[in-house]
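Dock chain B against chain A, hints included.
Listed below are the residues making up each chain.
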Amino acid sequence: MILMALILGAVLAVGVAVFWKSIVNWIKKAVDKIKQVLGVVVQGTRTFIAKTVDGFRNKSVYYNENKLSGEWEETIYYKKANPSEIPEDILAKVSKQKIDIEVSTTEELRLVITA
Amino acid sequence: MPLGKRIFPPKEPENPQNQSQHFVENAENAANAENAENPKQEEKPPQFTLLQAEPPKHTFDDIILNKETLDNIQDVLALYENRELLFNTWGLGERYKDQNKAGVNLYGHSGTGKTMAAHAIASQLNRQILTVDYSQIESKYVGETSKNLAAMFQHAKQSQAIIFFDESDALLSRRVTNMSNSTDVSVNQTRSVLLMLINDFDDMIIFATNFISNYDPAFMRRILAHIKFDLPNEENRQKLWELYVPKALPTDINTAKMAKYDNVSGSDISNAVLKASLRAVRSHDTLVFHEYFEDAIERIIESKTDNDDLGTLVSKRTVSKEYVEQQLGGLPK
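If you read the protein sequences in the order shown, they are chains A and B. The first sequence maps to residues 3 to 117 in this note's numbering. The second sequence maps to residues 1057 to 1389 in this note's numbering.
These are computed hints drawn from the structure, not numbers from a lab. For every residue, glycine included, the Cβ atom is placed at its ideal position computed from N, Cα and C. Treat the hints loosely; a few may be bogus.
[What the hints assert, rightly or not] Result set (DSS-like, lysine-lysine): computed pairs, CA atoms no more than 27 Å apart in a straight line:
1. K30/A with K1377/B
2. K1360/B with K1372/B
3. K1372/B with K81/A
4. K1372/B with K23/A
5. K30/A with K1372/B
6. K69/A with K1113/B
7. K35/A with K1372/B
8. K1372/B with K100/A
9. K35/A with K1331/B
10. K100/A with K1284/B
11. K37/A with K1360/B
12. K1360/B with K82/A
13. K35/A with K1377/B
14. K1123/B with K35/A
15. K81/A with K31/A
16. K81/A with K1123/B
17. K1377/B with K69/A
18. K82/A with K98/A
19. K31/A with K1123/B
20. K1123/B with K30/A
21. K37/A with K1377/B
22. K1303/B with K1113/B
23. K1295/B with K1123/B
24. K1331/B with K1303/B
25. K1360/B with K31/A
26. K1360/B with K81/A
27. K1303/B with K23/A
28. K1331/B with K31/A
29. K95/A with K23/A
30. K1372/B with K1331/B
[Unchecked claim] FRET-style restraints, in silico, Cβ to Cβ:
31. R1373/B with S86/A: 32 to 42 Å
32. N1144/B with G72/A: 52 to 62 Å
33. M1276/B with P85/A: 16 to 26 Å
34. D34/A with L1148/B: 53 to 63 Å
35. M1276/B with K37/A: 31 to 41 Å
36. G11/A with K1284/B: 35 to 45 Å
[What the hints assert, rightly or not] Here are some chain A residues the structure puts well away from chain B; computed CB gaps all over 12 Å:
37. G11
38. A19
39. I36
40. N60
Okay, chain A solo, but in the shape it has when bound (with noise of 0.2 Å):
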């Protein structure tokens, strides 16, 4: 799990590939736009990216409990991926896969912000 507050104060250390950098601040934003429109505060995370018909897809999945109703939501984003800035590991894994086929970027994307 990733909790929010790791990624919102995530300061990424030099050197960090901007894959990793446009993800976090993808992330801030639609944790931002979902409690803006939302009113919610989201509590966890998960990302994956997948091979496309025409390319490269991140996903980012957020996890909220609505304290109104007491309930669990889940909100999905998607956004495109540029392959050249996908970290060679992470490129040659998805790469592999079948069209829409996802991989899991969670657990190297929280070993990137606890860093």
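What follows is chain B alone, placed relative to chain A:
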């Protein structure tokens, strides 16, 4: 024969009194239609509503689609309505076994009328429609998803309802590698079960998605027709403005001018009409001024541009606590 004309009478539901709504406590019960009528079950509050076959809410008279989209839909309907003649009487089934499938995939931008079209298809076929509710099928009963799906297909068969997978990429794509938990394994198993169920189902299934590229190719092969829903052209945008601005609304709107705003969907136009009307009410105006509509549609276009930078919101749904726990490896504090 004119398109859409039925040459075979519609099948009568086996259990018409009970087709409109089934409350199901669990998939085992759902799989048994006789149990669904058991009065004892009605005494218990239902845990969730899995199966809801309902009369279609729209007809093709309610929708403004471009000609190509409408023609494609009518082609599929003609094929479906005449499939007994084509594939059995005329023997085309010997050579075109897979073509006898009646999976139809409606894809394209959000707000372009896919859901309404699904209802209109059901309406033209004089059938009820059973809309798949993912949060019930997939989230709350992780591990029982396959049973729920099987029960749903069985219910559709018994009630002669058309199955409608709205936002179907949620269920038809998401195979995961690097499976990190039992949910990922379960998701992949569900895909396989769903493939088998679709294969064995010989009636109409409608899929709708904003993201056709997310579909698993295995599902793509099992769908007879993919019909694209484009954003409306200027002519249709004007028709949409005229459709969504009620006759009783006091306004000086120039719909021809409003139709010049490009890259907007029917849903955007509907929202703009509402926003403009609300603004007039708040301002105590006696007229919904044309400029209010322009401001509203411009804001909507601007908001869509912002969202492009954010990526695309694919889905938002309610899920169970257990599901979140499995996804995140524990509940966040």
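Here's how the hints hold up against the structure:
1. With a C-alpha separation of about 24 Å, the suggested pair K30/A and K1377/B falls inside the 27 Å cut-off, and the hint holds.
2. The straight-line distance between the Cα atoms of K1360/B and K1372/B is roughly 17 Å, inside the 27 Å bound, and the hint therefore holds.
3. With a C-alpha separation of about 16 Å, the suggested pairing of K1372/B with K81/A holds against the 27 Å cut-off.
4. Among the hinted pairs, K1372/B with K23/A is consistent with the structure: their alpha-carbon atoms are about 25 Å apart, no more than 27 Å.
5. Taking the CA atoms of K30/A and K1372/B, the gap is near 18 Å; set against the 27 Å cutoff, the hint holds.
6. Proximity of K69/A to K1113/B is assessed by CA-CA distance (about 33 Å); at most 27 Å being required, the pair is judged violated.
7. With a C-alpha separation of about 13 Å, the suggested pairing of K35/A with K1372/B holds against the 27 Å cut-off.
8. For the hint pairing K1372/B with K100/A, the CA-to-CA distance comes to about 26 Å; that is within 27 Å, so the pair holds.
9. With a C-alpha separation of about 21 Å, the suggested pairing of K35/A with K1331/B holds against the 27 Å cut-off.
10. Simply put, K100/A and K1284/B have alpha-carbon atoms about 24 Å apart, close enough for the 27 Å limit, and the pair holds.
11. At roughly 17 Å between alpha-carbon atoms, K37/A and K1360/B fall within 27 Å of each other, so this suggested pair holds.
12. Taking the CA atoms of K1360/B and K82/A, the gap is near 16 Å; set against the 27 Å cutoff, the hint holds.
13. Restraint check for K35/A and K1377/B: the C-alpha separation of about 23 Å stays at or below 27 Å, so the hint holds.
14. At roughly 37 Å between alpha-carbon atoms, K1123/B and K35/A are farther apart than 27 Å, so this suggested pair is violated.
15. The suggested pairing of K81/A with K31/A holds, with an alpha-carbon distance near 12 Å, which does not exceed 27 Å.
16. A threshold of 27 Å between alpha carbons decides the hint, and for K81/A with K1123/B the separation of about 31 Å lies outside it, so the pair is violated.
17. Distance restraint check for K1377/B and K69/A: the Cα-Cα separation of roughly 13 Å lies within the 27 Å cut-off, and the hinted pair is therefore satisfied.
18. With a C-alpha separation of about 18 Å, the suggested pair K82/A and K98/A falls inside the 27 Å cut-off, and the hint holds.
19. About 39 Å separates the Cα atoms of K31/A and K1123/B, which puts this hinted pair outside 27 Å; it is violated.
20. At most 27 Å may separate the alpha-carbon atoms for a hinted pair to count; K1123/B and K30/A exceed this at roughly 42 Å.
21. With a C-alpha separation of about 20 Å, the suggested pair K37/A and K1377/B falls inside the 27 Å cut-off, and the hint holds.
22. Under the criterion of a C-alpha separation no larger than 27 Å, the hint pairing K1303/B with K1113/B is consistent with the structure, at around 22 Å.
23. For a cut-off of 27 Å, the pair hint linking K1295/B to K1123/B stands: about 13 Å separates their Cα positions.
24. For the hint pairing K1331/B with K1303/B, the CA-to-CA distance comes to about 17 Å; that is within 27 Å, so the pair holds.
25. Distance restraint check for K1360/B and K31/A: the Cα-Cα separation of roughly 15 Å lies within the 27 Å cut-off, and the hinted pair is therefore satisfied.
26. About 14 Å separates the Cα atoms of K1360/B and K81/A, which keeps this hinted pair within 27 Å; it holds.
27. Between K1303/B and K23/A the CA atoms are separated by roughly 52 Å; this puts the pair beyond 27 Å, and the hint is violated.
28. Using a Cα cut-off of 27 Å, the hinted pair K1331/B and K31/A holds, with the two alpha carbons roughly 26 Å apart.
29. Under the criterion of a C-alpha separation no larger than 27 Å, the hint pairing K95/A with K23/A is consistent with the structure, at around 20 Å.
30. Of the supplied pair hints, the one linking K1372/B and K1331/B holds, its CA atoms being roughly 23 Å apart against a limit of 27 Å.
31. One distance hint, 32 to 42 Å for the beta-carbon pair R1373/B and S86/A, holds here, with the actual separation near 34 Å.
32. Distance hint for N1144/B and G72/A: a CB-CB separation of about 54 Å, consistent with the stated range 52 to 62 Å.
33. In this structure the hint that M1276/B and P85/A lie 16 to 26 Å apart at CB holds, the actual value being about 23 Å.
34. For D34/A and L1148/B, the hinted distance range of 53 to 63 Å is satisfied, since their beta carbons lie about 56 Å from each other.
35. Roughly 37 Å separates the CB atoms of M1276/B and K37/A, a value that falls within the hinted 31 to 41 Å.
36. For G11/A and K1284/B, the Cβ-Cβ distance of about 44 Å falls inside the hinted range of 35 to 45 Å, so the restraint holds.
37. With a closest Cβ-Cβ approach of about 15 Å to chain B, G11/A is found to remain outside the 12 Å limit, as its non-interface label requires.
38. Every C-beta of chain B lies more than 12 Å from that of A19/A, the closest at about 19 Å, which supports listing it as non-interface.
39. Distance check on I36/A: its Cβ comes as close as 9 Å (rounded) to a Cβ of chain B, failing to clear the 12 Å threshold; non-interface status is violated.
40. Not every Cβ of chain B is farther than 12 Å from the Cβ of N60/A; the closest lies at roughly 8 Å, contradicting the non-interface assignment.
Going down the numbered hints, you'll see the structure goes against 6, 14, 16, 19, 20, 27, 39 and 40, while the others check out.
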